[in-house]
Amino acid sequence: MRIALIYTRLRTEERMLLDAFEEIGTSVTVEPVDVRSEVFDLADAGKWSGYDLVLDRCVSLRASTTISRVLERFNVRTINRADTIEIASDKLQTSLALEAAGIPTPRTLVAVEEAGALDAVEQIGYPAVLKPTVGSWGRLLARVNDRDAAEAVIEHRATLGSSAQQVHYIQEHVDKPGADYRVFVVGGEPVAAIARHSEHWVTNTARGAKASGVAVTDELGELSRRAAEAVRGDVVAVDLFESPESDPRGRRMLVNEVNHSMEFRNSVDTTGVNIPLLVARHAIAVAEVEKATA
Amino acid sequence: MSDTITANCPECDATVTFAKAPLNGEVVRCGDCSVELEVTNADPIALEVAPEVEEDWGE
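Protein chains in written order, with the numbering used here: chain A, 1 to 294; chain B, 1 to 59.
One chain only, chain B, in its complex shape (with noise of 0.2 Å):
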């Protein structure tokens, strides 16, 4: 049995696959349509559209 961890792109559809059982709030890129995503649940893993950058947002 694979333990490759995926879960499918909200935007395209498209398999994502993490190398690490994701956390909360993870962002990833779909590799397919390159939309980033974020993890709005880990476990079942749930993927949504990450927000646009915020005013106080930064380094």
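For reference, chain A alone in the conformation it holds in the complex (with noise of 0.2 Å):
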């Protein structure tokens, strides 16, 4: 059995699911692959046709949804699945999910004009968050608390923002109680959760926050689930937090987003559990079955 791990620069994480899959030492060859250099013909699989996996690790999400589409055209199995990588890196994608599953989230507004944008934040109120449907580590969230604020978000965007940035994502602020959390779901389960602290109203932890290990806890473990299911993740990270008790609807636990290429490097001691470990394993069980149904 061959698997490859396609990377775009080899981080922290990504040793140590080769460390991992060493760990393991079954008769699996995993093969780690540089793709930056890679070529992909259309029309010929080539030495992909070889991996019965290919366990996508690309910090470029370009390289990430551009590959996974090339390699399903071959059926060669991907984690994460194309689909899953092109609805879970795009927010607007993975907000009409997680309402299409049933899943509480926090409102979202959308318009694709300024005009548009202006009247969605006056219908959220303020304050409300303006985020870029494409993006990661929490940059270019802008919270706005006045219209003032809002029409100056709003005018960059569309005067400075490449087109994708054009899309007005908005959405309302939950003025979190406490921390927000990040479970970890690795072949449809919830193995692991942090909770991430912050004095900054961005609880990311590439931003500074602070993360510790929690319990799974059923609401966690369950939402956290359906979150997974929604995208059809093999292996992401679900992002959740929790609206006041003096919150209109109540004290509510929402899935804010979730992540496809997951950072885990300080979760392992945290949590107490072995991330890479499971990856590792649930990419072997993957490919055992892809290898008998070849």
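One should not assume that every hint holds.
Stated by the list, open to error - Derived pair list, reagent style EDC-like, types lysine to aspartate or glutamate, alpha-carbon separation capped at 20 Å:
no. : chain 1 : residue 1 : chain 2 : residue 2
1   : B       : Lys20     : A       : Glu22
2   : A       : Lys210    : A       : Asp239
3   : A       : Lys210    : A       : Asp269
4   : A       : Lys176    : A       : Asp239
5   : A       : Lys176    : A       : Glu219
6   : B       : Lys20     : B       : Glu48
7   : A       : Lys210    : A       : Glu199
8   : B       : Lys20     : A       : Glu31
9   : B       : Lys20     : A       : Glu23
10  : B       : Lys20     : B       : Glu38
11  : A       : Lys210    : B       : Glu59
12  : A       : Lys47     : A       : Asp34
13  : B       : Lys20     : A       : Asp34
14  : B       : Lys20     : A       : Asp19
15  : A       : Lys291    : A       : Glu72
16  : A       : Lys176    : A       : Glu199
17  : A       : Lys47     : A       : Glu290
18  : A       : Lys176    : A       : Glu245
The set of hints was computed from the structure by calculation and includes no laboratory data.
Since each chain sits alone in its own frame, please combine them into the complex, following the hints.
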């Protein structure tokens, strides 16, 4: 059995995964492939047909979406699937998938022009949160507290942003009472959770939030399992937070987003769960099924 | 003979030690100056200061 681990930069997570495969030590051959210099022939799978599974760990979204789609055309199974990558990497698509699955998520409005965007912010009320539909690590999120700020952010997006940023994705600001949560889901099972605390309203560890391990409660586990299923995710991290009791709709746990290429380097010690080992085991299990049915 | 794998940081010239043979594109941090480095060639090892985060990077 052969598995390729594809990457554009080999970070700590990818090294941990390679170590995990080595630790399992079965007859699986795992080959790290730096895809930056690869060429893909759309008429010929070439070497890729020799892999039972390709584990995507590209930090570049462009690489992940492109390659997973090409490999799908040759029936080469990827983790995650191309659909999952496309849905999870786009906040609009994620919101649509969560809403369709009946999963509680912050109220979100979308507009395609500046005029509609300002109206959407006014409908949401202040403060409101404006996000680019594509982006990660908390980049370019804006919380606007009044109409002046909303007009400025919307105008900047329309003038300076790429076309993707001109989809105005506007969300209610949830004044979360404490931490927010991240649940790691592997093969449909919520395996570990962390709570993230920050003085800043953006509780992203890439932005300096502090993480600690917490139990996967029934509520966290169930919502995360459903969120992963909504995006057909094999290996995803689900971000959640709770609204305060004072919220007009009461205290609720909400799914905020789903991450298709999760980072976990700081979550193994904090949770006591060997996340890369679980990912490697799941990848091997999927590859075995693929090999058996090929 | 020691089998420790090392290279020099292009930023501060400190010795960077690898626990395992590095791979192309591997990212490491210099223990002395803390700059993030990328392995641009695995054998012989060549290191460069890692690029800034690009717009489509993320998780």
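* Asked: Looking at the structure, which of the earlier hints fail to hold?
  -> No hint contradicted; all consistent.
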